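Asks: Using the sequences and the hints given, assemble the complete structure.
This is what each chain is made of:
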Amino acid sequence: MQVYLPIAEMSVDAMLLLGIGFGVGWLSGLFGVGGGFLLTPVLILIGIPAPVAVASGANQTLGASVSGLIAQWRRDNVDARMGIVLLTGGLLGSLLGVQLFAALRKAGQVDLAVSFFYVVVLGTVGALMVRESVRAIFRRRRTGSAAARAHEHTWLHGLPFKVRFRKSRLYISIVPPLAVGFGIGILSAVMGVGGGFMLVPAMIYLLGMPTSVVIGTSLFQVVFVSANVTLLQAIQVGSVDIVLTLLLLAGGVAGAQFGAAMGTKLRGEETRALLGLLVLAVAIGLAWGLVSPPENLFAIGPVQ
Amino acid sequence: MRAAALLLALLALAIPAAAQPASTPLLTADLSTDRVEISTGFTGASVIVFGATERLIGAESGEDVVVLATGPAQPTVVRRKVNVLGFWVNGPAATFPEVPGFYAIAATRPVWQALPEQVRRSARLGLDALPLRAEGSQAPAFRAALLDLKQQDGRWQEYAAPVSVAGGRLFSARISFPDTVQTGDYRIEVLLVRERRIVARQELFLRVDRVGTAASIAHVARAMPAVYGIGCIILAALAGWLGSVIFRRG
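Keeping their order, the protein sequence lines are chains A and B.
Using my numbering, read the first sequence as starting at 1 and increasing by one per residue.
Using my numbering, read the second sequence as starting at 1 and increasing by one per residue.
Derived from the structure by calculation, the hints contain no laboratory data.
The structure presented is a predicted model; accordingly, all values stated were derived computationally and were not measured.
We put the beta carbon where it would ideally sit given N, CA and C, even for glycine.
Incorrect hints may appear among the rest.
[As the list claims (entries may be wrong)] Each pair of labels, with its calculated beta carbon distance range:
id, chain 1, residue 1, chain 2, residue 2, range
1, B, D185, A, R74, 22 to 30 Å
2, B, R222, A, V134, 49 to 57 Å
3, A, G19, B, P162, 36 to 44 Å
4, A, D13, B, L242, 17 to 25 Å
Replies: In structure tokens, the structure reads:
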């Protein structure tokens, strides 16, 4: 069944979009991430213009994360104060990121920039995840080591503007969480991702937050930053396609439930190793696209 | 007696018509529809141009019918990829400010066989007769790439579909619009060619519009982007919440 996407100005098979939504939702339920990092490249691959893929990807991430946030909030796993600090950085970052995106679009380098960001970010995160989880599998130790690191004092603890984050059991400067939020805000605007897959390790290893509140707090940040990206992309670039978003969400929420059910059967470090490999595979695929000789040297597009 | 009288009456009617050929037009044409609607299920559309000529069409009579469809101008940029440090990036670009977003030509035989080159060029009959003025890089490769890529995605067509002739004087041609067709006013020109001259010409107009949900979405997104953005946020959040409720119960 073909459906016409009013903003992308093309028609796509609705079943294909539902299937992509289901597949990405399944993986995101399995690994506990939003899945935006998989969705945007897949959309570009099936011929959706990069600006529409990025903007609608952010919109989809918002929808996919809302149910998770509600569940975590009910279980009292959200550090709202930390969330608001991260979010402040995130909103500023996404504001800058959307400007950057509009400038890149004008220069005709959007596709390159999106791919490049993906290769660098996914490559780094994927490699780190695989390394960490492979070590963990060899040692067969639980993730308790992460919490132990929270008590190590580094130069990060010497920064000013210290605030007490009760739920995270932390007394740290607000500068590192602001910076983390800001960086991920930029990336989410350019890549169309929520940034959960980067935020979760950053919160554990950089900020030293306890794992119990990490998922809930990262979802808090992801929901609001992706809402902001959606709004800014709609105003500045005009590339959010709500028909595309809703089709992807319809498949995604169904897939996420199946994924989450399956995820409980896997060990933590095995899950992380698989997610790391998946992230690395996407990065390598995109890197190949950047270095392999293109089929056609020329490309046409509308004038912005 | 009656039959003979009727025959006489018919003959009387027929004789003046034959004596004054000018009263029948050289060419009449119309479209199967003057509106193409892009709805939520749109996958492309085709429109039939049909009509009749006064004399027989074909090689023996030397009469040819040419159908030309042009869409609104769509400024297009052509970019060439270059290899920088092993990466393929978008390099030099040429902007074509005045190219039609849609162009299709069909004829009973290729126009270059039926018309002198000068006439063909001034009437813009054929893709190579389009005045493709470029800003930026002037290399001919950009022009060639534009022609090539526009034809690949179906927005420019040269003799892609035939003009078929029935009964010697009735002609019809199908114009196919791809799903990426632009909205706006389209002009269909039907030309009658005789003895290497254009002897008759008829212009028809066609409008491509979004309708229904697709139209409202595109309209709101363009006219009120902030409202549209907030709407997208609320809808996505609702869909996510609703989905989790349905699937958890089920």
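Asks: Among the hints numbered above, which are violated by the structure, and what are their numbers in rising order?
Replies: Result: hint 1 breaks, nothing else.
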